[in-house]
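Chemist: Chains as they are written, first to last, in the numbering used here: chain D, 1 to 293; chain P, 1 to 359.
Read the hints as simulated data drawn from the structure, not as lab findings.
Backbone N, C-alpha and C fix where the C-beta goes; we use that ideal spot for every residue, glycine too.
Some hints could be false.
Label-pair ranges, simulated between beta-carbon atoms [what the hints assert, rightly or not]:
| # | chain 1 | residue 1 | chain 2 | residue 2 | range |
| --- | --- | --- | --- | --- | --- |
| 1 | D | ILE111 | P | GLU172 | 48 to 54 Å |
| 2 | P | ARG55 | D | TYR106 | 49 to 55 Å |
| 3 | P | TYR13 | D | TYR150 | 32 to 38 Å |
| 4 | P | ARG95 | D | SER32 | 44 to 50 Å |
Computed footprint of chain P on chain D, listed as stretches where at least three residues anywhere in the stretch have a Cβ under 8 Å from a Cβ of chain P [stated by the list, open to error]:
| # | region |
| --- | --- |
| 5 | 182-194 |
| 6 | 202-214 |
What follows is each chain in one-letter form.
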Amino acid sequence: MQKRVTFNTKTLPYLLVGPQIAVTLVFFFWPSWQALESALYIEDAFGLSRDFVGLRNFRDLLNDDVYLASFGVSFFFGIAVTFLTMALALALASAANRVLRAATAYRTMLIWPYAVAPALAGVIWYFLMNPSLGIASYWLDAVGVDWNHYVNGDQALLLVIIAASWKQISYNFLFFLAGLQSIPQSLIEAAAIDRAGPMRRFWTIIFPLLTPTTFFLLVVNLVYAFFDTFSLIHATTQGGPANATSTLVVKVYQTGFVGQDYGSSAAQSVILMAIVIAMTFVQFRYIDRRVNY
Amino acid sequence: MAHLSLKSLTKVYPGNVTAVEAADLDVADGEFVVLVGPSGCGKSTMLRMIAGLERITSGTLKIDDKVVNDVEPGHRNIAMVFQNYALYPHMSVRRNMAYGLKNEGKPKAEIEARINEAAQMLRLTEYLDRKPRQLSGGQRQRVAMGRAIVRQPAVFLFDEPLSNLDAKLRTELRAELKALHDRLRGTFVYVTHDQVEAMSLADRIVVMNAGRIEQIGAPIALYSRPETRFVAEFIGSPAMNFVEGVLGEGGAVLVSEGREVLQFDRPIGLAGSGFVVGLRPEHMKPSKGGFARLRFRRVFDEQLGADTLIHGTLDSGPTRVILRVDGALHLPDAERLEVGVAREHLHLFDPKTGLRIDT
Numbered sequence: 001m002q003k004r005v006t007f008n009t010k011t012l013p014y015l016l017v018g019p020q021i022a023v024t025l026v027f028f029f030w031p032s033w034q035a036l037e038s039a040l041y042i043e044d045a046f047g048l049s050r051d052f053v054g055l056r057n058f059r060d061l062l063n064d065d066v067y068l069a070s071f072g073v074s075f076f077f078g079i080a081v082t083f084l085t086m087a088l089a090l091a092l093a094s095a096a097n098r099v100l101r102a103a104t105a106y107r108t109m110l111i112w113p114y115a116v117a118p119a120l121a122g123v124i125w126y127f128l129m130n131p132s133l134g135i136a137s138y139w140l141d142a143v144g145v146d147w148n149h150y151v152n153g154d155q156a157l158l159l160v161i162i163a164a165s166w167k168q169i170s171y172n173f174l175f176f177l178a179g180l181q182s183i184p185q186s187l188i189e190a191a192a193i194d195r196a197g198p199m200r201r202f203w204t205i206i207f208p209l210l211t212p213t214t215f216f217l218l219v220v221n222l223v224y225a226f227f228d229t230f231s232l233i234h235a236t237t238q239g240g241p242a243n244a245t246s247t248l249v250v251k252v253y254q255t256g257f258v259g260q261d262y263g264s265s266a267a268q269s270v271i272l273m274a275i276v277i278a279m280t281f282v283q284f285r286y287i288d289r290r291v292n293y
Numbered sequence: 001m002a003h004l005s006l007k008s009l010t011k012v013y014p015g016n017v018t019a020v021e022a023a024d025l026d027v028a029d030g031e032f033v034v035l036v037g038p039s040g041c042g043k044s045t046m047l048r049m050i051a052g053l054e055r056i057t058s059g060t061l062k063i064d065d066k067v068v069n070d071v072e073p074g075h076r077n078i079a080m081v082f083q084n085y086a087l088y089p090h091m092s093v094r095r096n097m098a099y100g101l102k103n104e105g106k107p108k109a110e111i112e113a114r115i116n117e118a119a120q121m122l123r124l125t126e127y128l129d130r131k132p133r134q135l136s137g138g139q140r141q142r143v144a145m146g147r148a149i150v151r152q153p154a155v156f157l158f159d160e161p162l163s164n165l166d167a168k169l170r171t172e173l174r175a176e177l178k179a180l181h182d183r184l185r186g187t188f189v190y191v192t193h194d195q196v197e198a199m200s201l202a203d204r205i206v207v208m209n210a211g212r213i214e215q216i217g218a219p220i221a222l223y224s225r226p227e228t229r230f231v232a233e234f235i236g237s238p239a240m241n242f243v244e245g246v247l248g249e250g251g252a253v254l255v256s257e258g259r260e261v262l263q264f265d266r267p268i269g270l271a272g273s274g275f276v277v278g279l280r281p282e283h284m285k286p287s288k289g290g291f292a293r294l295r296f297r298r299v300f301d302e303q304l305g306a307d308t309l310i311h312g313t314l315d316s317g318p319t320r321v322i323l324r325v326d327g328a329l330h331l332p333d334a335e336r337l338e339v340g341v342a343r344e345h346l347h348l349f350d351p352k353t354g355l356r357i358d359t
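Isolated chain D, as found in the complex (with noise of 0.2 Å):
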């Protein structure tokens, strides 16, 4: 049996769950009303006057290949963010938990970035991978890699892959070193003594065991690389060249405020509502489940 608080006074709960409530009808239910109902109008670029247009602006998006086109690089950035971002957290994560002496100064360096905002990010990794000033394509140049993202589209979303994937290596970082951390040194020496060698050790014994952080992070980690990238990506290449960089934030951005075609926007971003809606759904459902062991 749970413990459960009583109150003796009706008002009181109320009286304690409503600024949350207020907070969240205010600033999510509110725009999100907002954003659902011009996703079914066209709107003139000054706002004057709005026709009401039923689904034809979903209809357009999903005949507009330019549209389309921002979906497959949303995806790829969004895997390629989370597997990247996964791997190489979860290999330092691997070598801090050996660590004994100095883990707390290497741990709170590795988390640093984390601490840096996104724009920043975006713009150190402008500044550094600069065709003309940066000093890594300066190096690049030098091992024979011609670099210049503004011209060559892979080039730029790569750039932005890796940037992204730098700042939120930090967060993977510290729930894969508590996920490590709470696995117990008598299993790995079980397993030593089973014959188990490191490789094996790590991919049947530890990795299994991490499912629950590593799980949690894929789900964290998508909803990072499609919905919070956007100031980035903004700082660095703008959506661009061509579209190369341009994920689904981004092309709600250059629709509404740079295009001004607000319908449109509007519902560019009733559609990532949708995708965030069934993301959390999925995390919600599995997460207590498939991998709980």
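Since the structure of chain D is provided, determine the placement of chain P on it from the hints.
Modeler: What follows is chain P alone, placed relative to chain D:
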């Protein structure tokens, strides 16, 4: 099966902390040896060195005449049972047992056969497809033993395997473990801090204290002839009573701070003057007879049914003494008792070195 040999095995941790100091031990093929001692005495470190989980600082470790100091744990032909079971939580009981055999590359049919045999022996057959979290503590520990048995190792290592279980289960599993040893005839090295466990399981007990081996011997030998005061105090429950003093009147009395604490029938012909006399609670008889006699001040009784423990002090001073008498014995309700001990139940130790003095 195999024998095990430790030659001046030493473990020094960084910071110059010596956990085990020059331990010598030979374990014969099929022998059940129990390492026992208080926490921090180095018994677990010694076991972990045998397992290969702890680097050996110096000395040699041989399994079947082969030096295995630098051999990986998986290749030492040992199996270990941990205190917290250390079962792989994401694998079924069957896969837990199969894991080591798979790593050795054994054929599927053989793995299956060995698991079934072990499961039968440990009454685990119906639990083979369960996950460890669906089992009770006792079952989990049996799975851990099963995981060791299927490997058919040369040496079985146990690190306080019963410590996490409740008292009743511990007694049950202790009996099972003993039966298991009789059946497998394996070489067992078993670590515990519980001297009762050590006494009941071991062919030979190794008593450790502060990183050193105090005494090695059969349980009954340790009980009846402890070589040091530490062993005397550690083996037996309730612990042995100690009375300290110097001999007076030509060796017929023991005197402490000017007061007689013990009287002997006749002088014990020993050189030197300071002694620690050890008296087991169960050997102290409330009667006027006996080779050594003392006056006892009773504080309270503890009735355990079969026995009664009488707690108190020496009449002459604050030294605490416990008597263990038959539970059916009716003692007068007196505060002071005369207590006697037979000659063969006296243990004498040097107060400085703690070593046994033979009389």
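Chemist: Give a verdict on every hint.
Modeler: Results of checking the hints against the structure:
Look at ILE111(D) against GLU172(P): about 50 Å separates their beta carbons, and that is inside 48 to 54 Å. A beta carbon spacing of about 23 Å between ARG55(P) and TYR106(D) contradicts the range 49 to 55 Å that was offered as a hint. Roughly 58 Å separates the CB atoms of TYR13(P) and TYR150(D), a value that falls outside the hinted 32 to 38 Å. Taking the beta carbon of each, ARG95(P) and SER32(D) are about 47 Å apart, inside 44 to 50 Å as hinted.
Here's how the region 182-194 of chain D fares: 9 of its residues keep a CB closer than 8 Å to some CB of chain P, so the rule of at least three is met and the hint holds. Against chain P, the region 202-214 of chain D contributes 5 residues with a C-beta closer than 8 Å to a partner C-beta. That satisfies the three-residue criterion, and the hint holds.
Hint check: violations occur at hints 2, 3; the rest are consistent with the structure.
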